[in-house]
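S.K.: The listed protein sequences correspond, in order, to chains A and E.
For the first sequence, the working numbering begins at 1 and goes up steadily by one.
For the second sequence, the working numbering begins at 1 and goes up steadily by one.
Among the hints, erroneous ones may be present.
Unchecked claim - With a cut-off of at most 25 Å between alpha-carbon atoms, the simulated PhoX-like pairs for lysine-lysine come out as follows:
id	chain 1	residue 1	chain 2	residue 2
1	A	254	E	9
2	A	479	A	378
3	A	41	A	53
4	A	278	E	10
5	E	74	A	378
6	E	9	A	278
7	E	74	A	479
8	A	479	E	10
9	E	10	A	474
10	A	53	A	82
11	A	625	A	516
12	A	130	E	10
What the hints contain is simulated information worked out from the structure, not anything from laboratory work.
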Amino acid sequence: MSRQINIALIGNPNTGKTSVFNALTGLNQQVGNYPGITVEKKQGICKLDRNLKGHIIDLPGTYSLNASSLDENVVIELLLNKNDKDFPDVIVVVSDVENLKRNLLLFTQIKDLEIPTILAINMADRMDYKGISIDIPYLEKELNTKIALISTRKKTGISDLKALIQNYKDLSTEPCLHASEIDAEYFGRLRHAFPNQLLYKLWLVITQDVNFGKTNRKEMDAIASFKTKSESDLKRLQQKETIKRYQFINNVLKVGQTVDASQTKDLRSRLDRILTHKVYGYLIFFAILLLIFQAIYDWSSYPMDLIDTAFANLSEWVKTSLPAGDFTNLLAEGIISGLGGIVIFIPQIAFLFLFISILEESGYMSRVVFLMDRIMRKFGLSGKSVVPLISGTACAIPAIMATRNIESWKERLITILVTPFTTCSARLPVYLIIIALVIPEGSILGLSYQALTLMLLYLIGFFSAVFSAYLLNKVLNIKSKTFFVVEMPNYKLPLLKNVGLTVLEKTKSFVLGAGKIILAISIILWVLASYGPGDNFNNAEEIITEQYASQNLSEEELNKKIASHKLEHSFIGITGRTIEPAIRPLGYDWKIGIAIVSSFAAREVFVGTLATIYSVGNDDEETIKNRMAGEVNPILGGPLFNFASGISLLLFYAFAMQCMSTLAIVKRETNSWKWPTYQFVVMTALAYVVALASYQFLS
Amino acid sequence: MNTTLADLKKGEHAVITDVSSTEIPLKLLEMGCLPGNNVQLVQMAPFADPMYLNINGSHLAIRKETAVHVLIEKL
């Protein structure tokens with residue numbers, strides 16, 4: 001029988017904690033959410049020896065146990081709740097060799113919880129480079145722990161860490177300093193009142209609002225009310241505690257660590273001189289953005305063409321090799337067409353996540369935050385809003401969650417409200433297919449018109465976000481204390497494994513999440529498009545044959561007429577034509593109308609919906625793009641997707657709030673329906689007006 | 001008038017002498033912004049805000065409005 005122990009990875013942000021997690025678990029990991037909240041929960045399994053498996057949790061990065069955000073709170077909640085099924089048997093504190101001093105603050109706090117703790121000093125490969133040497137035995141003695149010197153980059157020390165984890169029972173659970181000395185009298189009373197509880201735990205509960213498991217809630221409530229000190233006194237005491245811990249750490253490191261500054265070859269300052277420069281910094285940032293968009297457009301077109309053709313062939317194959325009937329039609333016309341509409345965008349989404357994860361891993365993102373803060377503040381945002389706005393180009397949902405580290409509530413709320421304007425990857429499918437249809441090929445200065453149009457749409461998204469932030473900043477009357485601290489981590493070459501796993505994980509969850517909705521919607525749409533009420537639908541063949549009896553139509557042409565007559569009188573056709581008057585002025589027909597309505601579930605459904613509607617009753621299996629290009633405007637004649645209606649559609653999608661999941665996240669993060677409702681109404685109304693104006697102007 | 005972090009020029013070093021406990025968040029203290037620690041101004045964004053500092057070996061950026069609450073003695 002193999003035994004399993006719980007291992008928690010804890011550490012400051014930017015210490016390579018996730019690399020350690022990846023090194024220990026490999027592909028043996030899963031990402032989910034903590035119940036009830038949207039904090040990402042990463043866990044994995046690591047085989048320690050034949051009889052022992054480690055269940056590893058990668059906890060959110062935190063600078064201390066004094067939580068100031070939901071993510072950080074997860075760490076404390078787990079460490080304070082002995083009854084949690086994930087409560088660690090052993091903790092690994094991951095620290096970065098260059099920031100040992102700051103990292104040890106968290107370590108000394110965790111030691112006070114009297115749980116077996118290992119100190120993993122990561123990035124050991126940089127020690128020579130930085131002229132750092134460490135007296136490991138001395139530190140182990142002073143800190144009452146065992147130390148593993150590791151480098152995830154050079155893949156060294158991981159087996160030492162595993163060996164330490166395996167022998168976790170030998171670890172000391174003694175704290176390394178006595179924090180309670182900061183106010184002996186107060187802590188004495190506290191101990192007297194709750195003799196069965198750990199003193200440091202009590203202190204944590206008093207100084208912050210931690211949510212507890214049911215079993216000991218009653219007792220803990222009593223502790224939380226043990227506030228014999230005022231809030232400002234408690235705050236002063238926390239400061240004293242921090243100073244005391246740093247005194248201890250400074251004394252330990254004075255002996256245990258030497259830094260020979262003359263050895264330092266400083267890549268950081270050389271890079272910073274350029275990347276955070278008042279002029280070059282901004283130019284480089286803009287150039288990087290430009291590169292990303294050109295690359296997404298160019299590189300992914302090859303795999304996309306392949307996927308498009310493959311799905312058309314698959315659908316054709318299903319039709320010819322399965323027995324004819326409703327099920328075959330549903331499969332070929334509904335499900336395969338609908339799924340093809342999402343799978344085709346995997347290359348682009350993967351590229352986008354690839355770039356974002358490289359920017360974050362390399363440490364460059366913090367420089368952007370630094371460069372942009374002053375500018376963003378003019379619009380009521382924070383430099384930290386840049387991260388949500390950039391990652392909003394992948395998906396608004398993680399972007400809105402990334403606003404949690406914005407300290408000021410007003411800046412955070414504004415960021416949440418405007419983030420859905422940025423061009424998320426779900427808009428990409430719509431943009432790409434419309435651009436391919438209405439924007440001519442050709443190029444200027446080596447940049448293709450189509451790529452430039454896409455870039456322009458991203459800029460529209462960004463500027464409408466910033467402009468609405470400006471308005472919100474004037475309108476919203478919220479007083480909140482602002483402060484802003486951002487760590488500027490070292491530059492690092494991104495680890496292939498980390499980037500690869502992120503891209504894999506994010507793309508997978510995007511496709512699975514969207515795939516479910518699209519599958520459901522394409523089935524519903526197919527049914528609605530394949531059946532209809534009354535004679536007009538059921539007797540379509542006779543009606544059309546009669547109508548065109550005088551004209552000598554070929555059988556193929558006649559079949560097409562019948563199919564389109566049927567579609568027009570199916571359930572979906574009737575619905576579509578009911579809403580048609582509202583969208584006609586925007587240059588759309590009822591089929592686009594249906595696609596727009598269904599994309600309120602999720603934008604990327606648009607392409608799949610059109611694919612499903614167009615393929616119903618259509619025998620020749622073509623690619624989605626060809627089908628759309630062949631559509632004729634029923635009133636004006638000429639292609640339905642022309643320049644005017646195409647631009648109108650692009651702008652509609654640029655502004656409209658069409659994503660149920662985003663609305664749900666906004667509700668959760670702002671804790672009210674008020675904000676998502678505003679967002680939905682204002683953005684959609686704006687989209688309608690802009691699309692209307694552009695179509696009327698262009699046509 | 002007291003010298004504060006906001007008075008530092010690019011490249012200058014100083015020692016932190018006092019930190020206004022009501023104005024400075026705990027998080028900044030935890031990152032090393034404590035009396036007695038060394039600080040250097042590494043870089044400034046346009047309009048001298050935010051400021052990119054090296055405090056006690058930690059590299060971080062803070063806004064000018066926060067920096068005025070940290071008293072220093074230039075070295």
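S.K.: A separate judgement is required for each hint: does it hold in the structure or not?
M.R.: Okay, the hints, checked on the actual structure:
About 29 Å separates the Cα atoms of residue 254/A and residue 9/E, which puts this hinted pair outside 25 Å; it is violated. Pair hint residue 479/A plus residue 378/A holds up; C-alpha atoms about 16 Å apart against a cutoff of 25 Å. Restraint check: the Cα-Cα separation between residue 41/A and residue 53/A comes to about 19 Å, which is no more than 25 Å; the hinted pair holds. About 13 Å separates the Cα atoms of residue 278/A and residue 10/E, which keeps this hinted pair within 25 Å; it holds.
For the hint linking residue 74/E to residue 378/A, the alpha-carbon distance of about 31 Å lies beyond 25 Å, and the restraint is violated. Using a Cα cut-off of 25 Å, the hinted pair residue 9/E and residue 278/A holds, with the two alpha carbons roughly 15 Å apart. Distance check on the hinted pair: residue 74/E and residue 479/A sit about 35 Å apart at the alpha-carbon level, beyond 25 Å; violated. Restraint check for residue 479/A and residue 10/E: the C-alpha separation of about 33 Å exceeds 25 Å, so the hint is violated.
Pair hint residue 10/E plus residue 474/A does not hold up; C-alpha atoms about 34 Å apart against a cutoff of 25 Å. Using a Cα cut-off of 25 Å, the hinted pair residue 53/A and residue 82/A holds, with the two alpha carbons roughly 20 Å apart. Among the hinted pairs, residue 625/A with residue 516/A is consistent with the structure: their alpha-carbon atoms are about 23 Å apart, no more than 25 Å. Pair hint residue 130/A plus residue 10/E holds up; C-alpha atoms about 23 Å apart against a cutoff of 25 Å.
Hint check: violations occur at hints 1, 5, 7, 8 and 9; the rest are consistent with the structure.
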